[in-house]
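Asks: So the chains spell out like this:
Number of protein chains: 2
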Amino acid sequence: MPVLVQKYGGTSVGTPERIHRVADRIVQTRRSGADLVVVVSAMGDATDELLDLAAKVSDRSHPRELDMLLTAGERISMALLSMAVNDRGQEAVSFTGSQSGIVTDTSHTRAKILEVRADRIRDELSRGRVVIVAGFQGVSRDREVTTLGRGGSDTTAVALAAALGAEECEIYTDVEGVYTADPRVVHGARKLKNLSYDEMLELASLGAKVLHNRSVEIARRFGVPIHVRSSFSSNEGSRIRKGESMERVVIRGIAHDPDVAKIALLDVPDRPGVAAEIFRAVGEQGVNVRLIVQASGSDGKNDVTFAVGSHEVRAVLPVVEEVRKRLGARAFVYDPDVAILSVVGEGLATSAGTAGEVFDALAKAGINIEIISTSSITITCIVRKPDVERAVRALHDALRLEQEP
Amino acid sequence: MPVLVQKYGGTSVGTPERIHRVADRIVQTRRSGADLVVVVSAMGDATDELLDLAAKVSDRSHPRELDMLLTAGERISMALLSMAVNDRGQEAVSFTGSQSGIVTDTSHTRAKILEVRADRIRDELSRGRVVIVAGFQGVSRDREVTTLGRGGSDTTAVALAAALGAEECEIYTDVEGVYTADPRVVHGARKLKNLSYDEMLELASLGAKVLHNRSVEIARRFGVPIHVRSSFSSNEGSRIRKGESMERVVIRGIAHDPDVAKIALLDVPDRPGVAAEIFRAVGEQGVNVRLIVQASGSDGKNDVTFAVGSHEVRAVLPVVEEVRKRLGARAFVYDPDVAILSVVGEGLATSAGTAGEVFDALAKAGINIEIISTSSITITCIVRKPDVERAVRALHDALRLEQEP
Numbered sequence: 053m054p055v056l057v058q059k060y061g062g063t064s065v066g067t068p069e070r071i072h073r074v075a076d077r078i079v080q081t082r083r084s085g086a087d088l089v090v091v092v093s094a095m096g097d098a099t100d101e102l103l104d105l106a107a108k109v110s111d112r113s114h115p116r117e118l119d120m121l122l123t124a125g126e127r128i129s130m131a132l133l134s135m136a137v138n139d140r141g142q143e144a145v146s147f148t149g150s151q152s153g154i155v156t157d158t159s160h161t162r163a164k165i166l167e168v169r170a171d172r173i174r175d176e177l178s179r180g181r182v183v184i185v186a187g188f189q190g191v192s193r194d195r196e197v198t199t200l201g202r203g204g205s206d207t208t209a210v211a212l213a214a215a216l217g218a219e220e221c222e223i224y225t226d227v228e229g230v231y232t233a234d235p236r237v238v239h240g241a242r243k244l245k246n247l248s249y250d251e252m253l254e255l256a257s258l259g260a261k262v263l264h265n266r267s268v269e270i271a272r273r274f275g276v277p278i279h280v281r282s283s284f285s286s287n288e289g290s291r292i293r294k295g296e297s298m299e300r301v302v303i304r305g306i307a308h309d310p311d312v313a314k315i316a317l318l319d320v321p322d323r324p325g326v327a328a329e330i331f332r333a334v335g336e337q338g339v340n341v342r343l344i345v346q347a348s349g350s351d352g353k354n355d356v357t358f359a360v361g362s363h364e365v366r367a368v369l370p371v372v373e374e375v376r377k378r379l380g381a382r383a384f385v386y387d388p389d390v391a392i393l394s395v396v397g398e399g400l401a402t403s404a405g406t407a408g409e410v411f412d413a414l415a416k417a418g419i420n421i422e423i424i425s426t427s428s429i430t431i432t433c434i435v436r437k438p439d440v441e442r443a444v445r446a447l448h449d450a451l452r453l454e455q456e457p
Numbered sequence: 053m054p055v056l057v058q059k060y061g062g063t064s065v066g067t068p069e070r071i072h073r074v075a076d077r078i079v080q081t082r083r084s085g086a087d088l089v090v091v092v093s094a095m096g097d098a099t100d101e102l103l104d105l106a107a108k109v110s111d112r113s114h115p116r117e118l119d120m121l122l123t124a125g126e127r128i129s130m131a132l133l134s135m136a137v138n139d140r141g142q143e144a145v146s147f148t149g150s151q152s153g154i155v156t157d158t159s160h161t162r163a164k165i166l167e168v169r170a171d172r173i174r175d176e177l178s179r180g181r182v183v184i185v186a187g188f189q190g191v192s193r194d195r196e197v198t199t200l201g202r203g204g205s206d207t208t209a210v211a212l213a214a215a216l217g218a219e220e221c222e223i224y225t226d227v228e229g230v231y232t233a234d235p236r237v238v239h240g241a242r243k244l245k246n247l248s249y250d251e252m253l254e255l256a257s258l259g260a261k262v263l264h265n266r267s268v269e270i271a272r273r274f275g276v277p278i279h280v281r282s283s284f285s286s287n288e289g290s291r292i293r294k295g296e297s298m299e300r301v302v303i304r305g306i307a308h309d310p311d312v313a314k315i316a317l318l319d320v321p322d323r324p325g326v327a328a329e330i331f332r333a334v335g336e337q338g339v340n341v342r343l344i345v346q347a348s349g350s351d352g353k354n355d356v357t358f359a360v361g362s363h364e365v366r367a368v369l370p371v372v373e374e375v376r377k378r379l380g381a382r383a384f385v386y387d388p389d390v391a392i393l394s395v396v397g398e399g400l401a402t403s404a405g406t407a408g409e410v411f412d413a414l415a416k417a418g419i420n421i422e423i424i425s426t427s428s429i430t431i432t433c434i435v436r437k438p439d440v441e442r443a444v445r446a447l448h449d450a451l452r453l454e455q456e457p
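Chains A and B are the protein sequences, given in the same order. Per this note's numbering, residue 53 is the first one in the first sequence, and the count goes up by one each step. Per this note's numbering, residue 53 is the first one in the second sequence, and the count goes up by one each step.
The reader is advised that the hints may include incorrect statements.
Identical chains blur together in the list; that is why a pair holds if it fits in one copy or across any two.
As a list, the in silico SDA-like pairs of lysine to any residue whose alpha-carbon atoms are at most 25 Å apart [as the list claims (entries may be wrong)]:
1) Lys437 x Glu69
2) Lys377 x Phe331
3) Lys294 x Ala417
4) Lys377 x Gly240
5) Lys294 x Arg116
6) Lys416 x Glu364
7) Lys377 x Gly141
8) Lys245 x Pro321
9) Lys353 x Ile424
10) Lys416 x Ala106
11) Lys108 x Glu69
12) Lys437 x Asp234
13) Lys353 x Pro277
14) Lys108 x Asp97
15) Lys353 x Leu177
16) Lys108 x Gly66
17) Lys294 x Ala86
18) Lys108 x Phe284
19) Lys353 x Arg116
20) Lys108 x Arg73
21) Lys245 x Thr406
22) Lys353 x Arg162
23) Lys108 x Gly96
24) Lys243 x Arg193
Simulated from the structure, these hints should not be mistaken for lab results. Predicted model only: the values in this text are computed from it and were never measured.
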């Protein structure tokens, strides 16, 4: 029998009633003839409530104990969901990350999956049972409980789908799929039926918050087809698979994120290894850098500019000052009042015309572009924060994204 | 270094403030020079809240999933407590039942401990860390999560103390210790400084609810000294250890429990194995029988009378009717309006005088005794429920228990 992995987020299992609805869907899917593994997040605000409790007990960092604490969340949701599925006459069994064989490294609160030993899951599937797995959690080789960090349940689902050779990994969320732009900002935003892993990666890392990029990276590496869809309807969502022809310019959509800040190191001596030193130091804080631009100066000095999420500024600034001193850079500029936007589509690289269209549309809307950075499938700009929604709308119009290509 | 095990119940860790207080005590104890293992229950009402949630999702029995669900409770309290201890500069680490090596059978919701593999705990102790262990939970040999049923955290604590060869197992609770009678009923009730395992077993199983009898049985088998004391004061509590001389009659106290019911099978054919059949069937419901009396008739028939907790009647009655039919007993009597009381003290068996004193005191107080059953260290009576508090006070007076012996 084909194997299907479904992942339900915290909103989808937020109340007993919603758990019943998810159980209905699970039983229906199982009866339609697939071996089914279900990955589940903690109920609604459960994780935040546990974090609040931790903050009341301690204001310091306890990564190991925090993982122990937070993993209680999925334990609750998966046990309840398993009860509800069993009540419908479909045998089900819930497994912790450890029981599911999600083996990780020892980096508490942001562990990476090393391997998936899915024997127990396979055993239970072969007995006809639905296996309900705690998302977000794993176990290290020295038997410590770990968590996978943000987007961890998506990562669990895709990793399991890869290990089990699943036909598809369905990610159930509270939106209908991936759109050409944020529907709350652009009225004519259109749901994408298909997109490639690379396109999804660009959209995910730049603010289309339906799917975490770690999970997309795993899916790309192992060729796992993903289907992002809503747990509140039976509509088809967006399917993410390998890219198609690179010869056609197809602009998939526009991602934007107003919650970023810009940091620029000024007059950095131009010698090998400088960029590596900067971004190794930033990366050690667990911070995901959103964009990097280096403008080569002629005087043996460079400016290195990058963007990070606003909530990561506190972790980044002390490191930047340390690196500045060590490298002998003159100063750094910190600007919280910017936003990032990105036009994403395979084939952009081979089409000079599209870049022109993008800059033209922004110019006509009177929007100043502070920084430009392009890849083979993206054109990314940093603009002033108050301009960004207008910029997205102008681009969506100019590129005619409300129409099917 | 000597090893000490401390157990804190749900009330003791019910709020962040109380967790801080417990952390203070732990650090203080550790600094006084003992290797310390701390067993902790779920916070306050956490277990009841999880049970409520389960009831909202399902009205059927899901023992495996219920264990998965409930073990989230201790996970939360132990992680928070470990944070608080670490914050005080004392390294601590929290362990689940599985990580602590509490290996059980597979009887979900009432698992029995098969062995304790305490290597990981020993390792952490040898590094100078305080080990904080989730009470109430274990893992079966096929790696399923189990819980130990009622009194499970006490059981965890004593089993660990036995496995680690601890000097003492301190049970912190919301009362000051074990008393000669329930202080809410008898004004002059006196705290017992010392009592034997057997005496504690009789007091525990008959209503002195400070300590579950399973834990006392393990303590007796392995000779673990127990110290029952309050987490809200630093007073000495009650110490439970091996019995002393059997030659002296020392009455330790009077236990009573109004929450019992009496069941009598009438005219049971007198042949071998009858009692076994009755109490095997009752035991299979997980019910703890509080007292058994069989009066031999001369006509080849017996009446078999026993008492169970009021909350267990629902599970017991259908079984009793089944057994009655199978054995060919004439009828059974069910009487919910009784209470049990028990005078407990080593040496009672060799002192006919004391039994006389007990019955005399009850007669003088005008209390009718329905059933009498004695062991080497107890005299147990069943009386009408409304009489029981008066009976306890009369006995406490008559036996002069307010004075040190």
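Asks: Please sort Lys108 with Gly96 into within, between, both or neither, judging by C-alpha distance up to 25 Å.
Replies: both (20 Å within a copy, 16 Å between copies)
Asks: Please sort Lys353 with Leu177 into within, between, both or neither, judging by C-alpha distance up to 25 Å.
Replies: Answer is neither; intra-copy 60 Å and inter-copy 54 Å both fail.
Asks: Evaluate Lys108 and Arg73 at a C-alpha cut-off of 25 Å and name the case that applies: within, between, both or neither.
Replies: between (34 Å within a copy, 13 Å between copies)
Asks: How would you classify Lys294 and Ala417 at a CA-CA limit of 25 Å: within, between, both, or neither?
Replies: The answer is neither: 35 Å in one copy and 88 Å across copies each exceed 25 Å.
Asks: 25 Å Cα cut-off: does Lys353 pair with Arg162 within a copy, between copies, both or neither?
Replies: For Lys353 and Arg162, neither the intra-copy (35 Å) nor the inter-copy (71 Å) Cα distance is at most 25 Å.
Asks: Classify it for me, Lys353 with Arg116: is the Cα-Cα distance of at most 25 Å met within a copy, between copies, both or neither?
Replies: The answer is neither: 42 Å in one copy and 65 Å across copies each exceed 25 Å.
Asks: Between Lys437 and Asp234, at a C-alpha cutoff of 25 Å, which is it: within one copy, between copies, both, or neither?
Replies: Classified as within; 16 Å inside a copy, 70 Å across copies.
Asks: Evaluate Lys377 and Gly141 at a C-alpha cut-off of 25 Å and name the case that applies: within, between, both or neither.
Replies: For Lys377 and Gly141, the Cα distance exceeds 25 Å both inside one copy (66 Å) and across copies (33 Å).
Asks: At 25 Å max between alpha carbons, let me know whether Lys245 reaches Thr406 within a copy, between copies, both or neither.
Replies: Classified as within: same-chain Cα gap 22 Å, cross-chain 87 Å, threshold 25 Å.
Asks: At most 25 Å between CA atoms: does that hold for Lys416 and Ala106 within a copy, between copies, both, or neither?
Replies: Neither way: Lys416 and Ala106 sit 51 Å apart in one copy and 59 Å across, limit 25 Å.
Asks: State whether the alpha carbon distance between Lys108 and Asp97 is at most 25 Å within one copy, between copies, both, or neither.
Replies: both (17 Å within a copy, 18 Å between copies)
Asks: Within a copy, between copies, both or neither: where do Lys243 and Arg193 come within 25 Å Cα-Cα?
Replies: Neither: 42 Å inside a copy, 49 Å across copies.
Hint check: violations occur at hints 1, 3, 4, 5, 6, 7, 8, 10, 13, 15, 19, 22, 24; the rest are consistent with the structure.
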